[in-house]
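Please model the complete structure; the sequences and the hints are all you need to start from.
Going line by line, the protein sequences match chains A and B. For the first sequence, our numbering assigns the number 1 to the initial residue and increments by one for each residue that follows. For the second sequence, our numbering assigns the number 1 to the initial residue and increments by one for each residue that follows.
A couple of the hints might just be wrong.
Repeated chains share a single entry, so a pair holds when one copy, or any two copies, can fit it.
Stated by the list, open to error - List time: in silico DSBU-like cross-link candidates among lysine-lysine, alpha-carbon distance up to 30 Å:
| hint | residue 1 | residue 2 |
| --- | --- | --- |
| 1 | K28 | K13 |
| 2 | K103 | K28 |
| 3 | K45 | K28 |
| 4 | K12 | K104 |
| 5 | K111 | K12 |
What the hints contain is simulated information worked out from the structure, not anything from laboratory work.
There are 2 protein chains.
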Amino acid sequence: MQGITGHELSSKKAEYLKYIHMQGDVVKTTEIAAHFSVAPSTVTKALTEIAKAGYIEHTPYHGVRLTPLGTEYARFLVRRHRLVALVLSRHGLEPEEACREAKKIEQCFSKDLTDRMCTSLGHPMMSVCGEIEHDACCCGSHGGYRG
Amino acid sequence: MQGITGHELSSKKAEYLKYIHMQGDVVKTTEIAAHFSVAPSTVTKALTEIAKAGYIEHTPYHGVRLTPLGTEYARFLVRRHRLVALVLSRHGLEPEEACREAKKIEQCFSKDLTDRMCTSLGHPMMSVCGEIEHDACCCGSHGGYRG
DNA sequence: CTCCAAATTTGGTGTCTATCTAAATTTTTC
DNA sequence: GAAAAATTTAGATAGACACCAAATTTGGAG
Numbered sequence: 001m002q003g004i005t006g007h008e009l010s011s012k013k014a015e016y017l018k019y020i021h022m023q024g025d026v027v028k029t030t031e032i033a034a035h036f037s038v039a040p041s042t043v044t045k046a047l048t049e050i051a052k053a054g055y056i057e058h059t060p061y062h063g064v065r066l067t068p069l070g071t072e073y074a075r076f077l078v079r080r081h082r083l084v085a086l087v088l089s090r091h092g093l094e095p096e097e098a099c100r101e102a103k104k105i106e107q108c109f110s111k112d113l114t115d116r117m118c119t120s121l122g123h124p125m126m127s128v129c130g131e132i133e134h135d136a137c138c139c140g141s142h143g144g145y146r147g
Numbered sequence: 001m002q003g004i005t006g007h008e009l010s011s012k013k014a015e016y017l018k019y020i021h022m023q024g025d026v027v028k029t030t031e032i033a034a035h036f037s038v039a040p041s042t043v044t045k046a047l048t049e050i051a052k053a054g055y056i057e058h059t060p061y062h063g064v065r066l067t068p069l070g071t072e073y074a075r076f077l078v079r080r081h082r083l084v085a086l087v088l089s090r091h092g093l094e095p096e097e098a099c100r101e102a103k104k105i106e107q108c109f110s111k112d113l114t115d116r117m118c119t120s121l122g123h124p125m126m127s128v129c130g131e132i133e134h135d136a137c138c139c140g141s142h143g144g145y146r147g
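Okay, structure coming up:
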């Protein structure tokens, strides 16, 4: 939470991490390779590096699983994606389009910039492609008024 | 105007082109190298490639100058930059900050996305870092109501 | 329990972008 | 014209991403 810049991982690796997060628990190399339409060896290489950076635990031949750090980071990536998509949706893009375009540009947004936009938007709870969780957000819990 | 995707040049080359455009007429290698704090040879290499793509005319040892295509493209780049900065400024960033951050993310915005945002913003004439010219904009002239 | 097929990893390559240094070349200036 | 300044060329490096072919490991069938 404290030291994230938003540029710790290259955009491809960040995509892999987000995917692993969304699949939950143990994810296999082949699954990732198929999802992103790349050769398994390409994924293995990326996974090794992501593991070296501490975001996942890689048990050769058995798949990967997020570490606590990886989980935290993946949550940031998802939050960033949804905030960027939300901004785009407010500038003339249809929900699906906003989500698609967001994937192309989100990697450019630093943690800081993301947080600034989040605050400016009033820590919205919903985007066009899912909920936005603020647990690990810029300025504490913004869970909304539940009671 | 017709075929621009916004990704014709790598982000560095696009920065060089924008700089050449802003300096006007003939620009020297050393000037560019100094501005971006890179070795002259790095610039020469990039310039050669930008010239090959048709955006500039490079007369060895004498500098470069934009071609009509390059001028058109540079205008798009400037317009994109200012639109992105404007969007950021509307999301909690101070003018100077918005301009600075825009430089980091603008290369991710396609021509199409830029045009969509432009329309959504009502073809604004001013951004936080200069005027926005719509001559070569998405849907013709939006020069405002001059008379 | 053995053996083969499927999954995965290794090792080697290639491409692209961006950078640098050092050496060669051209232009400019005195 | 010759030295100085600017520029280009050539050769290397580095990171990201991708592929293929070969080796390794796993897991299921018999």
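Okay, the hints, checked on the actual structure:
| no. | hint | result |
| --- | --- | --- |
| 1 | K28 to K13 | within (15 Å within a copy, 39 Å between copies) |
| 2 | K103 to K28 | within (23 Å within a copy, 38 Å between copies) |
| 3 | K45 to K28 | within (13 Å within a copy, 42 Å between copies) |
| 4 | K12 to K104 | both (11 Å within a copy, 18 Å between copies) |
| 5 | K111 to K12 | both (17 Å within a copy, 23 Å between copies) |
The structure meets every hint from the earlier list without exception.
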